[in-house]
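Q: Each protein sequence line maps, in turn, to chains A, B and C.
Mapping of the first sequence onto the working numbering: residues 1 to 342, in sequence order.
Mapping of the second sequence onto the working numbering: residues 1001 to 1330, in sequence order.
Mapping of the third sequence onto the working numbering: residues 2001 to 2501, in sequence order.
Everything labelled a hint here was simulated from the structure, so no lab data went into it.
Source: prediction; values computed, not measured.
It is possible that part of the hints are untrue.
Derived lysine-lysine pairs resembling BS3-like cross-links, with alpha carbons at most 30 Å apart [said to hold, decoys possible]:
#, chain 1, residue 1, chain 2, residue 2
1, C, 2168, A, 226
2, C, 2015, C, 2168
3, C, 2168, A, 216
4, C, 2193, C, 2168
5, C, 2335, C, 2352
6, C, 2015, A, 216
Just a sample of chain A residues kept apart from chain B, beta carbon distances all over 12 Å, derived [unchecked claim]:
#, residue
7, 42
8, 53
9, 78
10, 98
11, 138
12, 149
13, 198
14, 257
15, 312
16, 314
Note that CB positions come from ideal geometry on N, CA and C, so glycine has one too.
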Amino acid sequence: MSDTRRLPGLKGFKHLKTGGPAGENLSLLVMLVLLVVVFAIASPRFLTGANLGSMGFQMPLLGLLTLAMLAPILSGGLNLAIVYTANISGLTLAWTLMQFGGPEAGIPAFILGCALAVIVGALAGAVMGGVVAYVGAHPILVSLAMMIFLRGLGEFLTRGGDISGFPDHMHTLGHGSVMGIPVPLILFAVIALGWHVLLRRTPHGFSVYMTGSNLKAAEYAGLNAKRTLVLIYTLSGVLCAIAGILMAARFSSVRVGHGEAMLLITVLACFLGGIDPFGGHGRVAPVILALVILQVLSSGLNLVGANQHLSTAVWGLFLIAVMVLRSGQIQRYIGLLSRKDT
Amino acid sequence: MRDALRSHTIEVRLAVVLAVLCIALSLSAPQFATLPNLTSLLNNSAVNLIWAVGLLVVLIAGGIDISFAVASSVVQYVAAQLLMSVGGGNWLLGFLFCGSLGILLGLLNAWLIHGFRIISIVVTIATFNAFFGLLMFFSGGRNIYNLPDWWTARIFIFEHENAQGIWSELTLSVAVMIGCVIATWALIRRSNIGRQLYAFGDNPEGARRAGVNIAVMQGVAFGWMGLMAGIAGLCQVNIVKEVVPNALYGRELDVLAAVVLGGARLGGGKGTILGCILGVMFVAVTQNGLNLLGVSPFAFQMIIGAVILVAISTANIDLSQFFRNKEARS
Amino acid sequence: MTTAPAERFALRLHKVSKAFGGVQALNKIDFEVRAGEVHCLAGENGCGKSTLIKVVTGVHQPESADLIELFGARVDRITPVQARQRGVSVIWQDLALFPHMSVAENIAFDDLVGLRPRSVRYREMSARAGEVLERLGVSLPLTAPLNDLSIAQRQVVAIARALMNDAKLIFMDEPTASLTQSETDRLLDIVRKLSADGVAVVFVSHRLAEVLEIAERVTVVRDGNLVGVYPTEGMTQARLGELMTGHLIENKVDARDLPDAPVVFEARGLSRHGEFEDVSLTIRAGEVLGLTGLIGAGRTELAHVMMGMRRADAGSMTLEGSAFRPGSIREAIAKGMAYVSEDRLSLGLLQKQSIADNTVISVLRQLTTASGLISDRRKADLVRHWIRELGVKIGAPEDAISTLSGGNQQKVVLAKWLATEPRLLILDSPTVGVDVGARAGIFRIVRALAEQGLAILLISDEVTEVMHHSDRILHMADGRIVQAYDPRTVSVPQLEERIYA
Ligand SMILES: Nc1ncnc2c1ncn2[C@@H]1O[C@H](COP(=O)(O)OP(=O)(O)O)[C@@H](O)[C@H]1O
Ligand SMILES: [Mg+2]
Chain A
1 MSDTRRLPGL
11 KGFKHLKTGG
21 PAGENLSLLV
31 MLVLLVVVFA
41 IASPRFLTGA
51 NLGSMGFQMP
61 LLGLLTLAML
71 APILSGGLNL
81 AIVYTANISG
91 LTLAWTLMQF
101 GGPEAGIPAF
111 ILGCALAVIV
121 GALAGAVMGG
131 VVAYVGAHPI
141 LVSLAMMIFL
151 RGLGEFLTRG
161 GDISGFPDHM
171 HTLGHGSVMG
181 IPVPLILFAV
191 IALGWHVLLR
201 RTPHGFSVYM
211 TGSNLKAAEY
221 AGLNAKRTLV
231 LIYTLSGVLC
241 AIAGILMAAR
251 FSSVRVGHGE
261 AMLLITVLAC
271 FLGGIDPFGG
281 HGRVAPVILA
291 LVILQVLSSG
301 LNLVGANQHL
311 STAVWGLFLI
321 AVMVLRSGQI
331 QRYIGLLSRK
341 DT
Chain B
1001 MRDALRSHTI
1011 EVRLAVVLAV
1021 LCIALSLSAP
1031 QFATLPNLTS
1041 LLNNSAVNLI
1051 WAVGLLVVLI
1061 AGGIDISFAV
1071 ASSVVQYVAA
1081 QLLMSVGGGN
1091 WLLGFLFCGS
1101 LGILLGLLNA
1111 WLIHGFRIIS
1121 IVVTIATFNA
1131 FFGLLMFFSG
1141 GRNIYNLPDW
1151 WTARIFIFEH
1161 ENAQGIWSEL
1171 TLSVAVMIGC
1181 VIATWALIRR
1191 SNIGRQLYAF
1201 GDNPEGARRA
1211 GVNIAVMQGV
1221 AFGWMGLMAG
1231 IAGLCQVNIV
1241 KEVVPNALYG
1251 RELDVLAAVV
1261 LGGARLGGGK
1271 GTILGCILGV
1281 MFVAVTQNGL
1291 NLLGVSPFAF
1301 QMIIGAVILV
1311 AISTANIDLS
1321 QFFRNKEARS
Chain C
2001 MTTAPAERFA
2011 LRLHKVSKAF
2021 GGVQALNKID
2031 FEVRAGEVHC
2041 LAGENGCGKS
2051 TLIKVVTGVH
2061 QPESADLIEL
2071 FGARVDRITP
2081 VQARQRGVSV
2091 IWQDLALFPH
2101 MSVAENIAFD
2111 DLVGLRPRSV
2121 RYREMSARAG
2131 EVLERLGVSL
2141 PLTAPLNDLS
2151 IAQRQVVAIA
2161 RALMNDAKLI
2171 FMDEPTASLT
2181 QSETDRLLDI
2191 VRKLSADGVA
2201 VVFVSHRLAE
2211 VLEIAERVTV
2221 VRDGNLVGVY
2231 PTEGMTQARL
2241 GELMTGHLIE
2251 NKVDARDLPD
2261 APVVFEARGL
2271 SRHGEFEDVS
2281 LTIRAGEVLG
2291 LTGLIGAGRT
2301 ELAHVMMGMR
2311 RADAGSMTLE
2321 GSAFRPGSIR
2331 EAIAKGMAYV
2341 SEDRLSLGLL
2351 QKQSIADNTV
2361 ISVLRQLTTA
2371 SGLISDRRKA
2381 DLVRHWIREL
2391 GVKIGAPEDA
2401 ISTLSGGNQQ
2411 KVVLAKWLAT
2421 EPRLLILDSP
2431 TVGVDVGARA
2441 GIFRIVRALA
2451 EQGLAILLIS
2461 DEVTEVMHHS
2471 DRILHMADGR
2481 IVQAYDPRTV
2491 SVPQLEERIY
2501 A
């Protein structure tokens, strides 16, 4: 199993495999640069301000949901309910705005709506965290049940339709720019930074990593592992709510099922960013790089004439390729081949 | 016998809950316990059950599969094209094509998982996206209506007309489903290959040291899942009479929830056919009951989600009290 | 080289090597087992004993080997199945059983292995499993999942599994680690009987007394190298220990009287239903109190109550004069308790995490600045301080803790707890999986801590350990403290007799 034969010529793959956080970032960065170069050559429109701007508007939504997925994975679980938590939160905002006259609703109504949305998201997360931590049920199953519940709740409340008619100031949130930088991108950058600090620098974040790698041992060392789990799922829910608010602003409407396809893409982005599927290891920075790569792939393919579905396929194939390279088994196969030659 | 009951607590509890549910429904909704309703319940669950037993095998072997539902769609689409190109084919060719295509897709997953030591959730989320993206790309999202006649023909294995002239009938899919369930039961319960699957899921290193061929076990588990996905795809076309590329997208998580509800352990080594059937039927009966009781269809999913949430919460609470040493393997 | 006819050997290895990455687990090892012999394989933890077994049974392929010969026939590349067909079976150190499968299936599992499809006959399987258990003189619920069994019972299942297939060569990798004396005695009887029937047994154990009692010859391995093969006749434990570690280990009773030291911890009539009853004890500052008895006597359960992981049904505790009734492990730690768990692998440390993180995990509050963030500088300082203080041998603090040897891992556990500045340190079997050489280092630290006034409760079922390292000894049996001893007035054999009686 472990009798990997090291070939001097294959050092390049080595850092893909282990390499620590720096190596992880570096190899993703190299891939990103390669992709940008390829697409820049393939399409003159790729490196234009318009394209970069539209990428800046598109990525934050997937990015926020990915961050919401990231933390539960680090804690040794998974949150399959992120998209519908976002939808339900968006619904809460829309409902609040409706109470204040829909398009006529003022900024205070919007703020109230956002606050309620965040509370709803946090609540959904807290329930999941509570069941995962105190009942010990498997996070996949818990979040799956929550997903089915929220989807049902949303369909029940909206009868499968959309809610639209939002005030104009929400448009700024979804489509505005400050000094040429898209507002959603700024929002995402701020939250990503906060998420990074929370996970890497605070005692709570430390506890998330420890709980993710061994809950029992973390408790034996005096960490409050259960509270950690509840908190991290709650925070994941809050991020979903923010994503839901952004989604409402971007699409100018709320519909349950909006963004459904993003669910498994967020997991894909996390794995691409080198998050340990078993929990306990992973960082925010490489995941953001992974997100940028996915966005570049999709925008680039779009520019050379492919549709979104082909991008989806390429994302899947890309993840496979990266995992294959990281696995280090390639070295073994090449080792076997070269041994046959001699 | 007591031991058997004790080691199948989840199945027993689920069976009791399902029985109570059925009794309550037959009392509150007169149509529930009628032959037409029960047969349609079975007809509607056939495809889910075929998937479920396939997924059960993967879960037992310690894996997880997210890609099976879109794999079924891929199989439907490719098989439709292939069958038309050989002049329509027949049921035998249909099974052969769909089955082997499904197995191929399953083996692709197995190869990636075993050959490159990537965990199954990563691989199958990747192949899920790859399968679906490629399918939508090549099909352009267009449905296929002109299918061979045999494929869309309604075949009944059971028909009955009651006094009011209402027909109860079981479709071919139910027969296929029963075949799949029995075959899977024989595999995991009666054959040494199946027992090695359990062992591999339970303790992979222990299985390796005992000489279990790990590569073959991954192949069998995902190959079987693929076979079931292929057959389910075939049956689903027979039911809806068209190939819709994105029709099955999203069904995988519901099936997963039902199978795990039935006691299959995420992480491997545990799970039974009985529990799997109970899990799927529990969800189906709940939905059917809500329908008969006149609850708005929009509320179904919400109630089912809540029921599963409550079910897993209580299941685990009880278990940890009954078995002190369940934490032995964390 | 020997000139005896080849068939007289069950196993012959010549110049076998195996490396894992940079670790040379086996380095040109020679090893011979005669047919029908009980042969002991001795060496410190991590010296390559288990690896040797895995190479012989085809679990690992050797890097290079001049000769591997089973029952007189040369084998070049062997698989686990072929090894079993030739009559080799193994009781694995980690048991390698299947927790969710039935006891019968676990015992008879080897019959199911193979790719030729065949049907499973459960009744036949149970009958065969039952027969073997009968031979062992034990009865276990055959249809219960293995999970429901105690660790000792699982060990019996592993033994039964190895006896299932009329093997001619059986490897037993530390089979007595979790057995009581009477269970061990029964196993040793079986080994003798097997040997009389012509079965060769390779017995791996770090309980030297056992080794000398059962084996005819002993092969000593150190760091993957062969030290030598010795007859057990005339061999002493001290000499064997010296051969294993490469230096003489001196042990002497070193108890002190501390009548004037203040009492740090006191328990009065502590009980918890079904676990222990009416336990009273006091520990003074600077004192090492030994607590010994068989596994299952309730020692770990007592420690758990002291740490707030479980609640006592009756009785009271005081810590430094004030009533102590911790509701959680966090509260206990905050009040000055520290607990080195017996299960370092899955409870004591987070094996996947770094040395640094494992060191600071219990003192995060000390590391946070006013802004609520963890200060990297403080963290690095703290880690460096403790690594130096306890002499832990590490590469970089960012390396995973699993890269360290057992002894160094245990030192990190100690560092973690010492950083919390405890009043009472509970050591629960602190030398499990720590090799003979490193044990001395651990106990030097323990002694130094006691000299500085720390109160220490040393829980161990190794009698020599409590004899040589505690100031007072309590003997616990069936959940009760039955007697107190002064190490200076009792001998190891006397104490062992009391405990194992
Ligand atoms: N699968 C493995 N991968 C890497 N290193 C291993 C593996 N198995 C054993 N080792 C290393 O080989 C050495 C010998 O281990 P082992 O044979 O288990 O020792 P023993 O049984 O004598 O305690 C140790 O340093 C151990 O860390
Ligand atoms: Mg060993």
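Q: Compare the structure with each hint and give your call.
A: Evaluated hints:
1. C:2168 <-> A:226: Not OK: residue 2168 of chain C and residue 226 of chain A at ~51 Å, beyond 30 Å, violated.
2. C:2015 <-> C:2168: This hinted pair holds, its Cα atoms lying about 23 Å apart.
3. C:2168 <-> A:216: It is violated: about 42 Å lies between the C-alpha atoms, which goes past 30 Å.
4. C:2193 <-> C:2168: holds (13 Å)
5. C:2335 <-> C:2352: holds (29 Å)
6. C:2015 <-> A:216: violated (43 Å)
7. 42: It holds; residue 42 of chain A is separated from chain B by about 18 Å at its closest Cβ, greater than 12 Å.
8. 53: holds (25 Å)
9. 78: Nearest chain B Cβ is 8 Å from residue 78 of chain A, so the label is violated.
10. 98: holds (19 Å)
11. 138: violated (5 Å)
12. 149: violated (3 Å)
13. 198: holds (25 Å)
14. 257: Incorrect as stated: the minimum Cβ-Cβ distance to chain B is 9 Å, not above 12 Å.
15. 312: violated (3 Å)
16. 314: Nearest chain B Cβ is 7 Å from residue 314 of chain A, so the label is violated.
Comparing the model with each earlier hint shows violations of hints 1, 3, 6, 9, 11, 12, 14, 15, 16; every other hint is respected.
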